[in-house]
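Produce the entire structure from the sequences given, and follow the hints as far as they go.
Number of protein chains: 2
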Amino acid sequence: MTDYTLYYWPIAFRGQFVRSVLAHVGATWDETDFNAIRALKSKSPAEQPVPHMGPPVLTDHAAALSFSQMPAILHYLGKKHGLMEDDPASEAMTVKIVADANDVLYEITLYNGAQMWTGESWRDFVPRLERWMAMFEETGRRHGMTAEAGYLLGTDKPGIADLATCSLWGTMTEKLPSLRPLLEKAAPAIAGLCDRIAALPEQAELRARSDAEYGELYCAGQIEASLRKVLSA
Amino acid sequence: MTDYTLYYWPIAFRGQFVRSVLAHVGATWDETDFNAIRALKSKSPAEQPVPHMGPPVLTDHAAALSFSQMPAILHYLGKKHGLMEDDPASEAMTVKIVADANDVLYEITLYNGAQMWTGESWRDFVPRLERWMAMFEETGRRHGMTAEAGYLLGTDKPGIADLATCSLWGTMTEKLPSLRPLLEKAAPAIAGLCDRIAALPEQAELRARSDAEYGELYCAGQIEASLRKVLSA
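For the record, the sequence lines run as chains F and S.
So the first sequence is numbered by our numbering: it starts at -10 and just counts up by one.
So the second sequence is numbered by our numbering: it starts at -10 and just counts up by one.
A couple of the hints might just be wrong.
When chains are identical, the list treats them as one kind, so a pair holds in a single copy or across two.
[Said to hold, decoys possible] Listed below are the simulated SDA-like cross-link pairs for lysine to any residue, each with C-alpha atoms no more than 25 Å apart in a straight line: (1) K32 <-> I0; (2) K30 <-> E109; (3) K30 <-> D184; (4) K30 <-> V93; (5) K218 <-> A103; (6) K69 <-> G143; (7) K69 <-> R131; (8) K32 <-> N101; (9) K146 <-> A78; (10) K174 <-> S31; (11) K32 <-> A103; (12) K174 <-> A35; (13) K32 <-> A214; (14) K218 <-> Y100; (15) K174 <-> E194; (16) K32 <-> K146; (17) K174 <-> A123; (18) K146 <-> P(-1).
Read the hints as simulated data drawn from the structure, not as lab findings.
Shown next as structure tokens:
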């Protein structure tokens, strides 16, 4: 039996945050296909393993528990596998960083594709994207992180905050490489952190597998098409 | 010296989630005016007490710590003041419920006013709003909560999940009373929970004070105007 089942679309985006942590702790998991996720999402809350509006959903088979909401799934895995400091302040900072990451995912997809990017709206957004990057950079800086070494919250090993940061900025700049110079300029230490996390054997193996399965897809759909269009302009 | 300073606009909305918890634990806090919040939000991340994109921000004066992101602020207060069960599963469920609440706030304001409601878009949204309500109801039902008694996660006293649920659905249906019948139909036990929480002396006192200060304002701005317009149609 595998340890977990992850329900998420066959793309990186929010799902990669969960996969990255599962890979880091050496857990085994399976995933389902597009139709199974759509069917699960369409059930009434009473019929769902956990009442949810959309994926990701993670089931822990041994514990017979399911969670939705990427931040909650990361929290569960982080607590269970010792990837968060246990004091209220550090834990809340991890929650804050994951919430920031989730907001960036909303914003770069114009809220899951509620609108499409235009040249003008993208130009207006770039300074805000740089500010998000600078916020992560400043958080790392306050905890002594440099481009060469250290983790985001000053711990001595990568935790949820680091893995989520790499899932956000690392994945974004891998899939949309024209954004990498922006990250290097606005957040050089975060760019370094992303590289160090990505080089961990479990993460390198995950990335190779994900690239083989999902190709260059980032968030998918019309919103990805509109994003690639403004980026290539 | 007061225990905390809360930076949030003079409206209920996301800020009420924080005020509700502060009132529940008997903390003292002060708030700043509109201009101070705007000035803080506009500073570079390096100059901010915690790097953030917008309020709420909470400063704990004794600990000399600041947090942004409503879910992170609630997490900090919840851990510090013993308002969350300490096992990974219960804690992650609290994170999930707060993340769901935050998503509902995004959706009912069309992502902080990125678009405006029309009669048509609101009609399309109502079944989704009912589904959000039903998700909360089902969560309570699984933990034995009824319209008459119990808390959302089956604990014996109100925790962060209960306070956040009341801040979401209670505040929304107080400020936009035409939505109360929807809540009573889709989530009768949640409507009961909101009433029980609202009747706690600290919450009743907070509500009286908030009503005196903010009046009937919910999320404010053009988006509130468009929301009230579709609701009165």
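Verification of the supplied hints:
no., hint, result
1, K32 <-> I0, "within (22 Å within a copy, 36 Å between copies)"
2, K30 <-> E109, "between (34 Å within a copy, 24 Å between copies)"
3, K30 <-> D184, "neither (34 Å within a copy, 30 Å between copies)"
4, K30 <-> V93, "both (23 Å within a copy, 17 Å between copies)"
5, K218 <-> A103, "both (17 Å within a copy, 21 Å between copies)"
6, K69 <-> G143, "both (21 Å within a copy, 21 Å between copies)"
7, K69 <-> R131, "between (27 Å within a copy, 23 Å between copies)"
8, K32 <-> N101, "within (21 Å within a copy, 28 Å between copies)"
9, K146 <-> A78, "both (18 Å within a copy, 23 Å between copies)"
10, K174 <-> S31, "between (43 Å within a copy, 20 Å between copies)"
11, K32 <-> A103, "within (23 Å within a copy, 29 Å between copies)"
12, K174 <-> A35, "between (48 Å within a copy, 15 Å between copies)"
13, K32 <-> A214, "neither (29 Å within a copy, 34 Å between copies)"
14, K218 <-> Y100, "both (18 Å within a copy, 23 Å between copies)"
15, K174 <-> E194, "neither (28 Å within a copy, 49 Å between copies)"
16, K32 <-> K146, "neither (40 Å within a copy, 31 Å between copies)"
17, K174 <-> A123, "within (9 Å within a copy, 45 Å between copies)"
18, K146 <-> P(-1), "neither (29 Å within a copy, 41 Å between copies)"
In summary, the numbered hints that this structure violates are 3, 13, 15, 16 and 18.
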